[in-house]
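**Q** Residue numbers (the numbering used here), protein chains in the order written: chain A, 1 to 336; chain B, 1 to 336; chain C, 1 to 336; chain D, 1 to 336.
Since the hints were derived computationally from the structure, they do not count as laboratory data.
Quantities reported herein were computed from a predicted structural model and do not represent experimental measurements.
Please note that the accuracy of each hint is not assured.
For chains that are exact copies, the list does not tell them apart, and a pair is met inside one copy or across any two.
[To be verified] Here are the computed lysine to any residue pairs in the SDA-like style, where the Cα-Cα straight-line distance is at most 20 Å:
#, residue 1, residue 2
1, Lys148, Val323
2, Lys195, Glu144
3, Lys64, Lys89
4, Lys325, Lys336
5, Lys27, Lys145
6, Lys23, Arg50
7, Lys61, Thr81
8, Lys195, Pro168
9, Lys87, Asp24
10, Lys61, Ser138
11, Lys317, Leu66
4 protein chains.
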Amino acid sequence: MIIIMRAGATQTQIQNVVSRIEKDGYKAHLSDGSERTIIGLIGDDRPIDRRTYEVMEGVEKSVKVLQPYKLVSRDLYETDTIVNVNKIKFGDSQIGIIAGPCSVEDRTQLLETAHAVKEAGAQALRGGAFKPRSSPYSFQGLGEKGLKILAEAREQTGLPIVTEVMTPEQIPLVTNYADVLQIGARNMQNYELLKSVGRTSHPILLKRGMMATLEELLMSAEYILSEGNNNVLICERGIRTFEKYTRNTTDINAVPVLKSLTHLPIIVDPSHGIGKWNFVTPVALAAIAAGADGLIIEVHPKPEEALSDGGQSLIPKRFAELVTKSRAIAAAIGRK
Amino acid sequence: MIIIMRAGATQTQIQNVVSRIEKDGYKAHLSDGSERTIIGLIGDDRPIDRRTYEVMEGVEKSVKVLQPYKLVSRDLYETDTIVNVNKIKFGDSQIGIIAGPCSVEDRTQLLETAHAVKEAGAQALRGGAFKPRSSPYSFQGLGEKGLKILAEAREQTGLPIVTEVMTPEQIPLVTNYADVLQIGARNMQNYELLKSVGRTSHPILLKRGMMATLEELLMSAEYILSEGNNNVLICERGIRTFEKYTRNTTDINAVPVLKSLTHLPIIVDPSHGIGKWNFVTPVALAAIAAGADGLIIEVHPKPEEALSDGGQSLIPKRFAELVTKSRAIAAAIGRK
Amino acid sequence: MIIIMRAGATQTQIQNVVSRIEKDGYKAHLSDGSERTIIGLIGDDRPIDRRTYEVMEGVEKSVKVLQPYKLVSRDLYETDTIVNVNKIKFGDSQIGIIAGPCSVEDRTQLLETAHAVKEAGAQALRGGAFKPRSSPYSFQGLGEKGLKILAEAREQTGLPIVTEVMTPEQIPLVTNYADVLQIGARNMQNYELLKSVGRTSHPILLKRGMMATLEELLMSAEYILSEGNNNVLICERGIRTFEKYTRNTTDINAVPVLKSLTHLPIIVDPSHGIGKWNFVTPVALAAIAAGADGLIIEVHPKPEEALSDGGQSLIPKRFAELVTKSRAIAAAIGRK
Amino acid sequence: MIIIMRAGATQTQIQNVVSRIEKDGYKAHLSDGSERTIIGLIGDDRPIDRRTYEVMEGVEKSVKVLQPYKLVSRDLYETDTIVNVNKIKFGDSQIGIIAGPCSVEDRTQLLETAHAVKEAGAQALRGGAFKPRSSPYSFQGLGEKGLKILAEAREQTGLPIVTEVMTPEQIPLVTNYADVLQIGARNMQNYELLKSVGRTSHPILLKRGMMATLEELLMSAEYILSEGNNNVLICERGIRTFEKYTRNTTDINAVPVLKSLTHLPIIVDPSHGIGKWNFVTPVALAAIAAGADGLIIEVHPKPEEALSDGGQSLIPKRFAELVTKSRAIAAAIGRK
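Take these sequences, add in the hints, and give me the full structure.
**A** Right, dumping it as structure tokens:
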């Protein structure tokens, strides 16, 4: 069971609930969020009468949740969570589109791409400064230098910045520059990192592990929310299957299923999901038709020279076409 | 290399080509179709000058194809193949929708469903009379009795019939009643069955094996075309992945990829693809947005009483909504 | 529930049981085997008192089985089934080793291999005359000519023959020549074929589908036993996984798990299981250590010239080493 | 290409090599290990004459390696690396056996298990103090308190300690108590963690990610070696497949394949590999027969009360039987 305290509940009120839980023979798990405190009652909660806790001072409500994930579940919050990133409202009626290169490679490349994607209709800029690479000998990103270039792009274009953070120690640095912190697929079950970004108030873009189930994905989001940060965008980016022709298999089923299981916004990354630029647009349109709240698209001015993921990057002109077609599909299902 | 003979080429002309192939040190593979003969030249064809064969009498053209599949490849036929099923033209600008129950259970159930799906906008009726079941103790279908009920439904509604054939011996019986022969996912690599339906002139709906790659799927289609039957609808119906919440994972990537690799029409089965009725519509819309030429949807008047696959069947009213929404998406991408 | 009739039960006794089942509101499923009849009671059998049936004349015993597979289950028969193939007793304390080429290519190749594997210690000879190939243009086997060569090899060496059958129609031909009928991985769910071999009295070597679960494998064996043929060897031959370095992944877990779930003998095919000859021996030894009752190994005198699967075939000399090492492992676990 | 400097090479010698690399138009990647420096030459190294570098002062040798992993490759070091953990020599002729509970739960449980596994023949003690759990509400381990209990167990039994480290920050604490640092499956691609343990001189037990390929596993080991720590034990612990009856699928193929690709010792974890205690022993025996250098086995005095993984834990008595049988298999293949 989860006991949600009112915003502004006092330490005494919280302590009283904890004491009551322990007196009843359970353990209490405190999530001390910036907005309010949530108390998990750990143990077999079937015999408990919820009203026992709901009448206590400072308590907003309590919920019994069958799924192993609690705070991310629609059973707890029925209405869609809106995650605000500057003026974009992910989870609202408009489809939010994030675009940019896989990696920040140099100032020219990034600024050129930033202006191009803005003009084409993107609402946020992506670009990696810290890159998780399977080889220690591959390009590992520009680090802080890359973050500074991203900040300059934001200044010039007004686009908010989405960039990856790989370790708890990088968080103070990255939050200085970025608007949204991305957790990459390989770190989806890096629990210490999840807890650490859960203690920030930045929006988090959480990518599905390449072989994770939807329950595992939601459990990882639960780690973030359990630390008090509710601003999580869940990102489907393709799973590993036996198909060799495509890099990954976009799990389109995940879109309506996640929308039914969680109140958090769902973003789709068709660039990683299929891995070949010439198929990115049809998959992006499919994602919107299936109900996705946003897209994240790799765009590069010269894909053939990209240091990473060139083969799945659109040139700005084709990205502009994708945006136009996306609007038509969005309109067909009554969204913007 | 593939040598395509003209329609009406004589036996002597064909024999001359075969003799030349053997004289050149290769083996010849003859596909004696109802319309024309195709001769495969088996072996390392790199040193061959194609004109050697193209100047021979009765030869229409020859093609070197890099992929292991030849006749199904777009390298051989660039333009979309249109498969005619009564008045539906699969592969043309209109999206064809096939609907009906998993199994023919009895006359009342089938006729009721047939009228309902017709009214809702379906253009063909599906229903299984022979059912491949993982248990020998499960309902195995009504057999010929089921086929007769399907024929009656066609008479009443005018809808062409799509139904499964499981063995070469069933083919004469099933072709008597059905308009389209379905090869089920479990039989995708039942090569004798593929060859046998390849010798009919009926359109074939070939379902992807639940763990087959796209290349394996196209190789299975190649078996059918290599026997002379080009009327093949390729059907994506979901693949097995680690995701437990859904029955299968609809491979939405398969739609644009197959459209680029083959000239054959691509159909999507979102009912098996996700396996829960409440998510069928978003996946169907995604399939159309991604470029599918048709849908096959399970519809049952009383899903809770269905002998098989009730959980993924739509009631007619919801199917009608699916058709309406599908039209909106089709219009948004310039199709009907 | 399954009701097992005594050997020699009369038609009247059987009919009485069926009538009683129907009177009790269930359906009866008759499996009329060559040795005895088994009657499946289909429906929710929880309220039934087993003794009602066990006291009837001609009934040996009745069993309630929780798993979807019944006749193959250890719940039904606790003791190991011994499948006799000439003098080999698969399922007994000795490890049975089957060896030979993937395909029968010509008389010389097969006879040479047959003598070599016999000398090295093999107890049965494998070789395909009908080959399921993913391409219609690949070598499809020598057919009856291949069967005749196999029969000649048996005459010369005394080794029983294991060879694949692909369709119900081939069965009369293949049973004329072969001692064991192999069902290939791609046909594991070809239910008509399973039923047809279930009506023969030949031992069947049933290969696991390359992406089948153990339950699906046992359900396919159930199809064979439900038709009256209990002589089934279950063969683990590797499953498809994401690993690219090996052709398949030998599921070593399957060995002890299958031994616990079924009374049928378990054979392992390390040649397909790993797909590279230089790793076949360690995997074969692992299979024996894990409790397998037999091995099936690809051996070819000139692997580099093989028409199929050359890369995973041992030369006879290395196969002889495998046999020697296998004996050492078998001895270490108290087997022969 | 990799240029390996002699132990004791001077900074000037190293700098000279780097300068030469850059002059030749390549990038240099320096791995400054505690024992010696390795310099990676990044770029297309085909035109380079190796002798150019090998004649330079301070250079031991240079190697061109085709695989993406270099330092872990057998192409670089042909002979088996021996990893010393107290008196155990992993990679030598003796099979090393590590045993203990999944988690350190309390002092009594751990000390009891430690004495029992020692008596049964284990050479090292495992036990988790920091536990990566998919739910934030599950038991997360005792932390430093658990480490202290482990240290006490070592003092009493003399067994070296294997325990998991989850973040770079925990390393100083854990290295204070542990003899071997374990990297868990979920952290196999946590590159910052890999680099951090690569900077210690402790032996590392690197678990394969549950859906990682062998190349990805070796690339992760490469991260550790590239920082100068060569004491890495590679651990196969089962991969995720479609099989539902077992928790994972032990990839037995991985044992001989890894032994051929890398010089590092290979350990198998059959407890996670199959996930049910009653099948752990056959899989352990299979691992040894396939050539594994060691085992890691979960043992718990009262599995039914374990806070995690009870279902796959052996009681000490059965573990003792496993050790006895393991010795018989080891002897059969000429090991100890």
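**Q** Take the hints in turn and mark each one as holding or not.
**A** Hints, verified against the model:
no., hint, result
1, Lys148 - Val323, "neither (28 Å within a copy, 50 Å between copies)"
2, Lys195 - Glu144, "between (23 Å within a copy, 19 Å between copies)"
3, Lys64 - Lys89, "neither (29 Å within a copy, 52 Å between copies)"
4, Lys325 - Lys336, "both (12 Å within a copy, 16 Å between copies)"
5, Lys27 - Lys145, "between (46 Å within a copy, 19 Å between copies)"
6, Lys23 - Arg50, "within (15 Å within a copy, 50 Å between copies)"
7, Lys61 - Thr81, "within (18 Å within a copy, 59 Å between copies)"
8, Lys195 - Pro168, "both (9 Å within a copy, 15 Å between copies)"
9, Lys87 - Asp24, "neither (46 Å within a copy, 50 Å between copies)"
10, Lys61 - Ser138, "neither (50 Å within a copy, 23 Å between copies)"
11, Lys317 - Leu66, "neither (47 Å within a copy, 31 Å between copies)"
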